[in-house]
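The whole structure should be built from the sequences, with the hints applied where relevant.
The listed protein sequences derive, respectively, from chains A and B.
Mapping the first sequence onto the numbering used here, position 122 (from 1) lands on 110, and the numbers just tick up by one.
All you need for the numbering used here is the position in the second sequence, starting with 1, plus 235.
Careful: at least some of the hints might be erroneous.
[Stated by the list, open to error] Partial chain B-side listing against chain A, Cβ under 7 Å, derived: (1) L283; (2) R285; (3) A392; (4) H482; (5) F483.
[Unchecked claim] Here are the computed distance ranges between Cβ atoms for each label pair: (6) A:R327 with B:W324: 20 to 28 Å; (7) B:T436 with A:M361: 45 to 53 Å; (8) A:A237 with B:G418: 32 to 40 Å; (9) B:E294 with A:R331: 37 to 45 Å.
[As the list claims (entries may be wrong)] A few chain A positions that, by computed beta-carbon distances, are all more than 10 Å from chain B: (10) Q212; (11) Q241; (12) N330; (13) V382.
Simulated from the structure, these hints should not be mistaken for laboratory data.
For glycine and all other residues, C-beta sits at the position ideal for the given N, C-alpha and C.
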Amino acid sequence: MASTQIAMEANPSAHPGGPGLLVSLASMPASALPAMLSNLAVAFPGQNITVATPEISTVPDSGGIASLRLVGYTPAAAAQGAWVLTAADYLNTFQLAREHHAGLSLMLGAEAQSLSPQALRNLAAALGSGNDLAVPHYTLRPREGLVNAALLYPVTRALFGAAPRFPLAIDFGLSFRAVEHLATTAQRFTSAGQDDAVVWPVAEAAAAGLSIAEVEAGERVLPQPPQADLNSLLGEIAGSFFAEIDTRATFWQRSRIAPGSAFTQLALDHTEAPPDVRPMLDSFRNAYTNLHEIWSLILPPNSLLGLKRLSLTPVPNFRMPDDLWARIVYDFTLAWRLRTINRGHLLGALTPLYLAWVASHLLLTSGSEAGHMEPERHIQELARVFETDKAYLVSRWRWPDRFNP
Amino acid sequence: MLQQIHFALSDSAHRVLVQLASLLPGVIALLLAVLILSVIGWGVSAALRRILQSARFDERLSRNNAGTSLTDWSPSNSPTLLVTRIVFWAFIVVGIIIGLSAFDASYATNSSMEVFMLPYLTHSVGAIVLLFAGTLIARFLARSVLIGAVNARLQYARFLSLGVKWLVFVLTGAMVLDHIGVGGAIVELAFGILFGGIVLTLALAIGLGSRDLVSRSLERSADRLDSNPLDPAYTTTGPEPRETLRHF
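Listed below in structure tokens is the structure:
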């Protein structure tokens, strides 16, 4: 906290928007707002902090938050289904930062009241030390955030050279330069009506050459999406991600590989019961029987052979090799680009394969006997395999018609 | 007697040959019309492609949502290609219409050939379009149902998908035959029997096969302890302590 204050006061020209810090809160229930404000008051005592909330009328009169300058705002564009930050949120934050001459902004998503004051200070401190984008590293349970672990983190790291462990972050710290740049991109999404674009800020920042820092954020309650169906959610997230990969193809074909995340996750409690993965494996085997024809349009024979072996493997020994999963993700990315099949069908056909990966990951990381490993170690190894196989994607991206066994 | 038979046969052959000879100018006119309009269509579509490419039509369209969905339906992701192909095929269809009217004009109004041939020729264009659209829709729906059913963990997903595909095929076939006027009431009757049969089979299959699904659904609403891995907050069902699996 102190370092942030010092950095901002010593070098105000480093923050072209102005010397202040803006905290832009997402819409939250009235009961959560007092806790959020008191956390902010504890995190930044006696500082010039502007807190923007759409629920200004529900803010309680309390002496504890007197140091905060509260402002209300009407969102410029509606942020629908706000469980993650949407393009509209970046536009709102940019407008607020400009109006209130804030050089640094914290965008806090739903359930942000569960963030500790230390996490808020860390985000601001990372910006104060000259970074453009501060991405929080949450401490999650080993069986949480699995889409991030299976898909978003390893691919973002391998392709965009950006190491944040949670690219689908719910909170961000942004310099004025970063918020201005991301708002320009967000404007394109909102004007095109692409409200489903959610997994783009980290890739966009990496492509724009903005400096990205990952900061420890501790435990946080992750807001859960309103839809109850994994198919549509995974389709939405993976579709947004594949579209971003397609858009940034010229960048990632040349980008360098980043070092891994510097933080560690919670170790799995080995006294916990191993999960029941049978429903997931049943789903995968059923899909292998029925979707083989569709998969064969997307995947090369080698991957199909790997899936065949997996479909015959008994539950205790079920392990999806990391390189097989990496190839599957890369081939689906390519099929998205080439429109090999309808994109809705493509994303639907990915769901059983993702469930197979989750089952394999859970089996590999549960229990304490030999051959098992810590979940985070497995995720880091997976990310390294994605990096190693990046050449495969680049090659297929450039020459998709070349023979591929 | 033999002479009369010979006369009848030669007279009949003569009349058929004369009819065929009189058909020839109409056929040539039809072919010429299609050929000329195809060449014009090719030229116009090539010019249009150049204009659209220089105007960066694809890039402009991809910037908005409506354009993105158009791009999804375009061959090789190119709306330019889609537009030029539509123009080209429109010219061919116009050529066929012109050819058919030339074919019509080359006959005497009392010709019996015209009465039989023209309806088939004119309706065959619409029938081909119907057949093409029906095949595309059948394939799309069959895949949608297959993927949806697999992700809903239905064991009979392939059967369901095949049923939907054949429903659309039967419907398309009946429409095509009806459009070209073949079969009449027999087609309607056969279609009704086939369509009803497929629907009944699917209903029975779904009814009998979905017992597990319905019971799972009832259990879920009873105590919310479902073991569906497609639920984002899937709860593993091992011994205590229970842990929730969160995909996001």
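Could one say that the CB atoms of E294 (chain B) and R331 (chain A) fall in the range 37 to 45 Å? The hinted range 37 to 45 Å is violated for E294 (chain B) and R331 (chain A), with Cβ atoms some 19 Å apart.
Within 32 to 40 Å: is that where the Cβ-Cβ distance between A237 (chain A) and G418 (chain B) falls? violated (53 Å)
Is the hinted range of 20 to 28 Å satisfied by the C-beta distance from R327 (chain A) to W324 (chain B)? holds (21 Å)
Whether Q241 (chain A) stays farther than 10 Å from all C-beta atoms of chain B, as the label says: holds (19 Å)
Chain A contact restraint for H482 (chain B) - C-beta distance below 7 Å: With a minimum Cβ separation of about 5 Å from chain A (threshold 7 Å), the hint on H482 (chain B) holds.
Given R285 (chain B) as an interface hint, is the shortest Cβ-Cβ distance to chain A below 7 Å? Violated. Min distance 24 Å.
Cut-off 7 Å, beta-carbon criterion: hint that A392 (chain B) touches chain A: Status holds, d = 5 Å.
When you look at the beta carbon of N330 (chain A), is every beta carbon of chain B farther off than 10 Å? violated (7 Å)
Quick one: are T436 (chain B) and M361 (chain A) within 45 to 53 Å, going by C-beta? Since T436 (chain B) and M361 (chain A) have Cβ atoms about 50 Å apart, the given range 45 to 53 Å holds.
Minimum Cβ distance from F483 (chain B) to chain A below 7 Å? Because about 6 Å separates F483 (chain B) from the closest Cβ in chain A, which is inside the 7 Å limit, the hint holds.
Confirm or reject the statement that Q212 (chain A) sits farther than 10 Å, beta carbon to beta carbon, from all of chain B. violated (6 Å)
Should the hint that L283 (chain B) touches chain A count as held when the rule is a Cβ pair under 7 Å? This hint is violated: L283 (chain B) lies away from chain A, its Cβ roughly 23 Å from the closest one there, beyond 7 Å.
Hint violations for this structure: numbers 1, 2, 8, 9, 10, 12, all remaining hints satisfied.
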